[in-house]
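Enquirer: Chain by chain, the residues:
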Amino acid sequence: MTHNEIEQALRMARAYAAEKLPWFAPALYAARLVITDALPFPAGIDEKMRVYFNPQWVAQLRQQTNEQKTIAQLAWIWVHEICHRLREHGERAREKQTEHLLWNIAADLEINDAEWQGLERPSRALLPQLFYLPCGKLAEFYYHELAKLPNFIESLILPVWDEGSGVHGQRREWELPDDEPQAPPLTELEQEVMRRAVAEAIVRHKDRGVIPAGWSRWAEEVLQPKVDWKKLLKRKVRGAITIGIGQRIDYSLARPHRRAETYEPVLPPSLQGDFVPRVVCVVDTSGSIGERELAQALAEVRQVLETLRTPVVVLPCDAVPYEPVKVLTASQLLRLHLRGGGGTDMVAGIEAALRLKPTPDAVIVLTDGYTPFPNQRYQVPVIFGIFAPNGSSAAPKPPMPPWRESDVVVIPLTNP
Amino acid sequence: MAIMPKGGKELLIALQTPSPKGHMGIPALLWGNPGEGKSSFVESLHRDGFPIVTLIASIHDPTDFSGLPVHRDGKVRFAPPEWAFAFDETGQGVLFLDELTTAPPSVQAALLRVILERKVGFRDLPKGVRVVAAANPPDIVSGGWELSPPLRNRFVHIRWELSDTSYLQALQDGFARPELPAIDPILHQEAKSYWKMMVAAFLKLNPNLARTSASDEEHAFASPRTWDYAIALMASCDLLGEAPKPGKQGSEAFLNLVEGCIGHGAAVAFAKFLSSLRLPDPDEVLDGKAQATVSKLRDDELYVLFSAMAAALVRRQQQDGFVDAMLIFLDLAEQVCRDGKVDTIFVTMRQVAQGQLLSHAVAEAQRNGRLKEMQEALKRTFERTPLQEFVATLA
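Chains as they are written, first to last, in full-length UniProt numbering: chain A, 1 to 416; chain B, 1 to 395.
The set of hints was computed from the structure by calculation and includes no laboratory data.
Please note that a few of the clues may not be correct.
Keeping only pairs whose Cα atoms sit at most 27 Å apart, straight-line, the calculated DSS-like set for lysine-lysine is [said to hold, decoys possible]: (1) Lys272/B / Lys245/B; (2) Lys245/B / Lys289/B; (3) Lys296/B / Lys248/B; (4) Lys245/B / Lys192/B; (5) Lys379/B / Lys296/B; (6) Lys6/B / Lys96/A; (7) Lys192/B / Lys204/B; (8) Lys272/B / Lys20/A; (9) Lys206/A / Lys272/B.
Bound-form chain A, shown alone (with noise of 0.2 Å):
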């Protein structure tokens, strides 16, 4: 095949893609198509939306088999490198910093199993069966479980793919550099313009029964995305304890200010007051909470709170509060043994939050949601946590009004 016929059968697998495959016309097109020797592997795709073909690749494929069959392969490649750039595969394996090959391969396992129909999935397609793995998991999960088998990559008998950065982050030699002409870069900014145009997309075919439950789930993610709920609770309680040390603190001639000798002969007056922040953090600890369930949710606590530096006062409730335990460090809290197991009311745990000396500035409820709610607000700011196992959102929050959404985060627990 020449290089035009080459390119040619490439073009027409893309209009059969998004023939077949509507909802991903805008990012099939958004992708520039390269064909390079210098790609060891049959495609590839860049971080920049650069989809790679090996042109020889191309040939064999076409003499092996017949027009027809080249082309629904051919598209079916194109489809799934696309998928990897708008599953965000790049940037997730960064974030992971994970080893290449083996992220690869999971990120394979996470868009292959979706039946698109007309399109033909080539034979040595990596699927989770293959390991004895569910389907329809993202590829952290993959990355996770191929990771505890010993010797896994030297245990494949194919070679496996090296499909650049576009899937785990790290440029290949093959790549073009960023400034090139003839295949200019697409902006993360603009991935992401295309990102919601697949997913608008996807939204109006569902009702068509044709898209797979995991690509409608993505689609309604990336438009709505999740409010990242720890940086939700950062937020507020950082909000509650600057007004809370805002209080405390002044400006006082008590104490001279640490320079005062360079200001000499004047006086100036130095801030005084307690700085510490104070946060309780009251604990659900009545049977119908599970003790994983606790730690896991506590410790996800305490991580955000590192950031601001903020001693906690855990104080567990059942349907009556109990001592509080101050913690200072994370590993503290891993320690710590919880009393309770009884019946539930949240109510008379924040009030002995409230009661507590020193007041506190912010009190955090971890709850899961099945216990009587105060119906009045308090002075002190007052944060449910709600734990929704498994991203369900269907625990009870408290009344609104007087609460308000705002004072709820939902702190989502995987694998309780």
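For this one, chain A is given, so just place chain B on it according to the hints.
Expert: Frame of chain A; chain B shown alone:
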């Protein structure tokens, strides 16, 4: 090729952009992990007559930025510290505030005035002094403080990153010594009016994006101030050939700077708006009022333009001028096919061929005595281009 860390180009542009308030440079805040050369990059801008003064914000007292009170002649004056005089001779340079996130909130509050009002005590910084700050994300350094929203709103936020490959290459070839680009202030003023218009048009469509919530964004968020910053920076990019213009794609630096001013949420919507401007209005093209230079459009743009034109044609079937519109459409389709980009319009052309549109076009043309012209156009587009082969193979 010279090695430049990610964010370097953006910083150089920000330094040379005349600010909306009349002095030089949009205050820039570099976000990056420790050890990636933020400080050494800024310090390498040092030249004769262009001093760089570095202050580690975290080891200073608020009074170092607001001025030290001194008693003289029965009055208390706020005496500026020595570094505030460093620019007196040159009238220009860079004030570099390192380690901003490890500075306690009281110091950050004192810095607000230096950064925005450019005053140290009651002394003005010369107009040619640019303010640059650097910070580590608070969650990676111990003892980090979060920046307050008012402070965040006074910067263009630039992500700083030194990739492994560029570091390796720099070990061999060394880093490029950064050169400040030249931006003519008068041309800049002119370029600004174009971008003001763009932002006004965008905000008319999306009035809720004039301000975005500080708490929804990690660094930058939109406010009238940061939109002003964005306009000034976009104008600079324009003069340096980095901005998207009709028929031209913008560079990554352009979008990074916009995002660094107004935040991610608003920037995504604005980028979408700018890219839609590259496309001509399908109705105007079909009326022959606007020229579509299809050879300059990107693949995804061709796809969008042609599906929009096909939809417009369906709508216009009963209207006057349908035959002319159809001929324009076929002519453009033929050009795309000859450019070897059949795949971008294939889906649309196939729908056109399968629907009533073509037969209706032939019938209309016959009624107007233009049958031959229409048949000729159809033949040219559908039979004498690679489109035919596509249809045959993919049928």
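Enquirer: Please list, smallest to largest, the hint numbers that this structure does not respect.
Expert: none
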